[in-house]
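K.L.:
Chain by chain, the residues run as shown.
There are 2 protein chains.
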Amino acid sequence: MTQAPQAPGALRATSRATIGDSEFDRDTRVERREAGHYAADLPAGWAIGDALNGGYLLAVVGRALGDALAHPDPFTVTAHYLTATRPGPALVRTDAAPPGRTLSAGSATLVQREPDGTETERLRVLATYGDLAALPGDVRTSAEPPVLPPFEQCPGAKDHPGGPEAGPPIAGRLDLRLDPATAGWALGAPSGRGEIRAWFALADGRDLDPLALLLAVDALPPTAFELGLSGWVPTVELTAHVRCHPAPGPVRVAITTRNLAGGFLEEDAEVWDSAGRLCAQSRQLARVLTR
Amino acid sequence: MTQAPQAPGALRATSRATIGDSEFDRDTRVERREAGHYAADLPAGWAIGDALNGGYLLAVVGRALGDALAHPDPFTVTAHYLTATRPGPALVRTDAAPPGRTLSAGSATLVQREPDGTETERLRVLATYGDLAALPGDVRTSAEPPVLPPFEQCPGAKDHPGGPEAGPPIAGRLDLRLDPATAGWALGAPSGRGEIRAWFALADGRDLDPLALLLAVDALPPTAFELGLSGWVPTVELTAHVRCHPAPGPVRVAITTRNLAGGFLEEDAEVWDSAGRLCAQSRQLARVLTR
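Chains A and B, in that order, are what the protein sequence lines are. The working numbering applies: residue 1 is where the first sequence begins, and numbers increase by one. The working numbering applies: residue 1001 is where the second sequence begins, and numbers increase by one.
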């Protein structure tokens, strides 16, 4: 790695948040009720429009599974998004399979109560957890990290044409810096290519961990924008693989779409850490609801 | 598409099996017992070593979900493989979420009884189904199909150095033709590149449907072989997206691995039909257990 960006918190605050004591940790907190059941209260700060972000929700459910399962880290997590999750109370119910020696699998569902008291299922999750720290250090990869300008030279929420507060609520929780070469859509000139690249960090400077990587894979604007489509691109399903603990500092995220057909598209994400390692991969199937 | 292979059944049989009346249909049959529960009897013909193939098992569970859910076709299916499935009786239990207008999600688990009567969970599945025939016909893709020699020029099981019966039992169910350029591992000369390409068809000439695509994405030898690794590469998790009904005839399958790290690798598959459409994509996380 030749790029060595300053951590974003260092640019504007003397006290950076830390893993365990940060906005992300507080907002993804789950409280154990009975065996395998967890209560959460989901703040509106992670919304885009009326619905909470899918990657944020995956981190909430991922935290509950990390408590319920015998191993600490998400290795592979799949979420199917059934209905839009609203800010407010939610319940996560987990169902662990008998653990293996090095891996544990489990399912989870996140539900919310309607005003009339009935329960609505928001997402279902299936995951296998392990211990990233216990893996051998071998790396043999032909993958190349995305190339983008240094962190400080990429525009962020403060550069939004409508002002720093013009983005959705979640924009204030993140320090997302888009590669200008893939941000044409924001100025009405999409490239037509299905790729967006960005630096990703948390706004309070908290370093990333495996749970925050579940957020990172679903935090960029949809590739559909750069394909010239507007409107909502709801995720049907998202699967993320976490491959290593990310090194400190912002990560580089590249999302790509190759096949838009029949009103659906896949969106692949790669997350590269400051040490030049591919620390997460994801793919989602999304629906294109054009305006 | 300029390549127009003959269907494999046409090469050696006057009566080709058909969708609904074929070995694959009989061997993935499930019998409804009570609401959402299905009995299956899994033949040894789909084994590799002692364990049944993961893609075959996904098709069995996929057939049960197709009956249990309100929509017919798998759009996105994830399986987590917990323990090795043996030939013999099995039970599939499904759990459907309330259906949406165009999509239905559901979970399933496949279990087998041990000789002492206890139940062991083999795989857990989470899926969203829809109706492929109801999708609009638009295609806007930057993906390119893999290039490989014509079907008839690629070696199959009959060309196995040890004779036509030397492969695992599943080899007799498939008509898999490997691109010689990616089959060096079979002759002790792996390319070192993480890619294998092949034509895929069913041995009895039955055309492919969405369930058979779930088999196709996990039917090739592992990319690890072409990376020069030997031994077992068990799948931890596999997610497949089915994007369209495949056109008749063999499909082209390309599998690639970019990142082998910490003893795990991802293996991506693409399946292209004879009409030149990308009809399925998959990614699996697998473990490398080197000899």
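These aren't lab readings, by the way, just hints derived from the structure by calculation. Here the structure is a predicted model, which means the values were calculated and not measured. Cβ coordinates follow ideal geometry from the N, Cα and C atoms, glycine included. There's no promise every hint is true.
Across the chosen pairs, the derived CB separations fall in these ranges [stated by the list, open to error]:
(1) A:THR118 - B:PRO1149: 15 to 25 Å
(2) A:ALA39 - B:ALA1044: 46 to 56 Å
(3) A:TRP232 - B:VAL1139: 32 to 42 Å
(4) A:ASP21 - B:GLU1144: 46 to 56 Å
(5) B:ASP1131 - A:GLY117: 26 to 36 Å
(6) A:GLU144 - B:ASP1159: 33 to 43 Å
(7) B:PRO1168 - A:ALA143: 22 to 32 Å
(8) A:PRO248 - B:GLY1049: 40 to 50 Å
Derived coverage of chain B by chain A (criterion: at least 3 residues anywhere in the stretch with Cβ under 8 Å from a Cβ of chain A; other residues may be distant) [unchecked claim]:
(9) 1132–1140
(10) 1151–1160
K.L.:
Check each numbered hint against the structure and report the violated ones by number, ascending.
P.N.:
Checked against the structure, the hints that fail are numbers 1, 3 and 10, while the rest are satisfied.
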